[in-house]
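Since chain V is already given, all that's left is putting chain L on it; use the hints.
Number of protein chains: 2
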Amino acid sequence: MDTGTAGTFDQIEIGQTDEFHHQVTESDLDAFCNLTGDDNPLHMDVEYASKTNFKERVVHGMLTASFISTMIGTKIPGKGSLLSEQHLRFLVPVRIGDMIRVWVKVKHKSQAEQIVFLKTVIYNQHNKKVVDGEAKVKVIS
Amino acid sequence: MDTGTAGTFDQIEIGQTDEFHHQVTESDLDAFCNLTGDDNPLHMDVEYASKTNFKERVVHGMLTASFISTMIGTKIPGKGSLLSEQHLRFLVPVRIGDMIRVWVKVKHKSQAEQIVFLKTVIYNQHNKKVVDGEAKVKVIS
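First to last, the protein sequences are chains V and L. Counting in numbering that gives the first Met the number 0, the first sequence runs from 0 upward without gaps. Counting in numbering that gives the first Met the number 0, the second sequence runs from 0 upward without gaps.
In isolation and in its complexed conformation, chain V is listed as follows:
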């Protein structure tokens, strides 16, 4: 994963976009479950999930959404960013093995508050929007 160096607040441009890809693995789910304790069988139990309409395990929504944090903390705005608000709409389940594309666009900036407003979207490998949302980010440095 490319961890780009952020510019200062002034260098962030309205309309600027960036993205990165990540393939979600079974070990990502294991790590998220170990970290948070969220062992919901819809995410962690193959047999349980096989009996649902999904037929197989679904990735924890908050795990998928956590890659937006990666975008914000390493690319736009980049280092020194502090998440102030995040709205997430989970549209399509993500499966193990899916290649997600985390895409962010700068919508507005508030110079006075040093805040950036972002559109935050995650697509799957079929170019389907799996997570839609917006973020408000304070730029500390």
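Derived by calculation from the structure, the hints in this document are not laboratory data. Keep in mind that the hints are not guaranteed to be accurate.
Since the list gives no way to pick out one identical chain from another, each pair is judged satisfied if it fits inside one copy or across any two copies.
Stated by the list, open to error - In the PhoX-like style, the derived pairs of lysine-lysine whose C-alpha atoms are separated by at most 25 Å in a straight line are:
#1 K54 x K135
#2 K106 x K54
#3 K127 x K106
#4 K118 x K54
#5 K118 x K135
#6 K118 x K50
#7 K54 x K104
#8 K127 x K137
#9 K104 x K50
#10 K108 x K118
#11 K106 x K118
Okay, now just chain L, sitting in the frame of chain V:
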């Protein structure tokens, strides 16, 4: 962490609340950084953070918020829950060593859609609200 067994949709009561406590450790931040690649120095670099107004590392907002997933997936509504929407407002920075309290209350239910609307709040050990938010959760089983 207590991983309670969920009831069915019909057993979820409006007004019902639940909570759990978790002490955020340095290894939580390491695990989140390894999982997501979010190595924002505000979260991961002691020296960088010491030069900011925070004076010390701040916990990734999405790491703190991920414990709401734990509440949803293991307690209310519990297993078989699928996050449909989550709104998060990060009010106060969380520090390493903070004891967070994740608190959830059932606001509404939609029988037709098998959806539960939750108030989702996280407090710190000083009883300060660190994350405020709402979630919409589909109950699969």
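- Task: Please write out, lowest number first, the hints stated earlier that are contradicted by the structure.
- Result: 2, 4, 6, 7 and 9
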